[in-house]
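Novice: Each chain, written out:
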Amino acid sequence: MAPIVEVEDLQKTYKGGFEALKGVSLSIEEGEILALLGPNGAGKTTLISALCGITTPTGGIARVGGHNIVDDFRAARSMIGLVPQEVALEPFEKVINTVRFSRGLFGKPRNEALIEKVLRQLSLWDKRDARIRELSGGMKRRVLIAKALCHEPQVLFLDEPTAGVDVELRRDMWQVVEGLRESGVTIILTTHYIEEAEAIADRIAVINHGEILLVEEKDTLIRRMGRKTLRIDLTTPVDAVPEGLAAYDLELTQGGEALIYHYDTQGEGTGITRLLQALAAEGLSMSDIHTRQSSLEEIFVSLVQEGAA
Amino acid sequence: MNWQGVKAIYIYEMKRFFRTIMESLLSPVISTTLYFVVFGAAIGSRIDEVEGVTYGAFIVPGLIMLSVMTQAISNASFGIYFPKFIGTIFELLSAPINFFEIVLGYVGAAATKSLLIGVVILLTAGLFVDIEVQHPLAMVAFLVLTCLSFSLFGFIIGIWSENFQQLQLIPLLVITPLVFLGGAFYSISMLPTAWQTVTLFNPIVYLISGFRWAFFGYADVPVVASLLAIGLFLGICLGIVWLIFKTGYRIKS
Chain C
7 MAPIVEVEDL QKTYKGGFEA LKGVSLSIEE GEILALLGPN GAGKTTLISA
57 LCGITTPTGG IARVGGHNIV DDFRAARSMI GLVPQEVALE PFEKVINTVR
107 FSRGLFGKPR NEALIEKVLR QLSLWDKRDA RIRELSGGMK RRVLIAKALC
157 HEPQVLFLDE PTAGVDVELR RDMWQVVEGL RESGVTIILT THYIEEAEAI
207 ADRIAVINHG EILLVEEKDT LIRRMGRKTL RIDLTTPVDA VPEGLAAYDL
257 ELTQGGEALI YHYDTQGEGT GITRLLQALA AEGLSMSDIH TRQSSLEEIF
307 VSLVQEGAA
Chain F
1406 MNWQGVKAIY IYEMKRFFRT IMESLLSPVI STTLYFVVFG AAIGSRIDEV
1456 EGVTYGAFIV PGLIMLSVMT QAISNASFGI YFPKFIGTIF ELLSAPINFF
1506 EIVLGYVGAA ATKSLLIGVV ILLTAGLFVD IEVQHPLAMV AFLVLTCLSF
1556 SLFGFIIGIW SENFQQLQLI PLLVITPLVF LGGAFYSISM LPTAWQTVTL
1606 FNPIVYLISG FRWAFFGYAD VPVVASLLAI GLFLGICLGI VWLIFKTGYR
1656 IKS
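Residue numbers (this note's numbering), protein chains in the order written: chain C, 7 to 315; chain F, 1406 to 1658.
Honestly, the hints are just simulated from the structure, not real lab data. No residue lacks a Cβ here, since even glycine has one placed at the ideal position from N, Cα and C. There may be inaccurate statements among the hints.
[What the hints assert, rightly or not] Which residues of chain C face chain F? A partial, calculated answer using Cβ under 10 Å: (1) THR62; (2) GLY66; (3) ALA82; (4) MET85; (5) GLY87; (6) LEU95; (7) PHE98; (8) ASN103; (9) LEU111; (10) ARG116; (11) ALA119; (12) LEU120; (13) THR297; (14) SER300.
[What the hints assert, rightly or not] Heads up, simulated DSS-like pairs for lysine-lysine below, C-alpha to C-alpha not over 27 Å straight-line: (15) F:LYS1420 / C:LYS146; (16) F:LYS1489 / C:LYS133; (17) C:LYS21 / F:LYS1420.
Given the sequences, and given the hints that come with them, work out the whole structure.
Specialist: Listed below in structure tokens is the structure:
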């Protein structure tokens, strides 16, 4: 199956010479959820803006649904819904009118039933006749999403949709995203909440300084990059790591009540068995053992720092 | 063509107009009435007929032109400047709609609004003075062309403006003086000869003169020159809009 979004060597250099995108290549499969992670100023929004037509790329090509985003922009953009990072809405207009406007702008005929469905899904139906300026920040974000969904996009870009949003709304939003995924919509989202990407995305792309650092299945990424930690709680605290255990590069917690061991599940052997045997040989008794896998957040931080080094 | 998109913009813009219908129509009507009271009754009673027309009636075409031009500019410039200012322009740029269709929606709405205002002023004026229109077709043509070209001009100002001050700059500093000096309230023939020549460099003179000719059959400059002037202005505005379209000037980086 051909990818629904194909980006080849996409470049964007601003007039001042700043290179926001330095040849980004990316292909996104139909129906997947791709999380685009990167620090502020990495090029996430520029990439989305270029694909959606808000900024003109200075090099490379991109296709959405096989349609070139520049030469065949009508067909490409008809498939795209965009929820921007900044809340931008006309304050004096009624909720339902701005949603109708979006649908019309995308060349779609009136469909009040669909608009009602979208507004209900986002708990906006009761507010349909309210003016935008009367809404809370979270509600405004819902309106932005409603505007993007009302023209039935096949590819949805969510640019930090949950920034500054309360827990309840965030949960509602992920429910909507889940529903969209079930109906086959491809979703590209940027977020600062890495646990969100971890919970919802199929694949993760990491971007920094206008370059894609990696694109990988989320599970593979965590497995490949993830280091595991073993924490051994001791019955009696110790002052220092016993010399017989020096080969294991252990960390001692501050009170001396636990030892921390890092290991890699991809390695030839984890060394856990030998470590435990050595511990017993040293005469240390254990009260508890925990293992923990490093989160996507830690992976992300280490990737970005590596890139900077 | 994305006609749905054009329609969506047009309707959205017209709704803004009707949402504030009192302000939109009342203020031009009141200011026109004031002009009639001041110029028509107070001053006009001391002025003889101009070229066989009472002074009160003589100023009607100029008054309509004054309102139509300023309203077309302010409506069209605000219409496109506001989305730029609040950021909703992203939606226009990301929609499957081209620049021509965007212009059609915004300029079409602004031209309609100013046309409505023009008609309302004409009707208001009818309450004060007897007005006969000798060339109704030409009158409508001049009115529509003026609405259209000044809405286009307003659209350009709206794209060019980076703040609210700039939005006001050209209407206040250029258009209003040119209209006042363009024979809205007097005939060019009333001026000293030297000033008559200077006035001919004011493009507004041609528009008002042509419009007035449609009412009274009397013109300061040949009607053909008026038609050429408005055609030229329309052409220049279309050219600039086309350039903006080509370069994405001040809308797209």
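Novice: Checking against the hints above, which ones are violated?
Specialist: 2, 11, 12, 13, 14, 17
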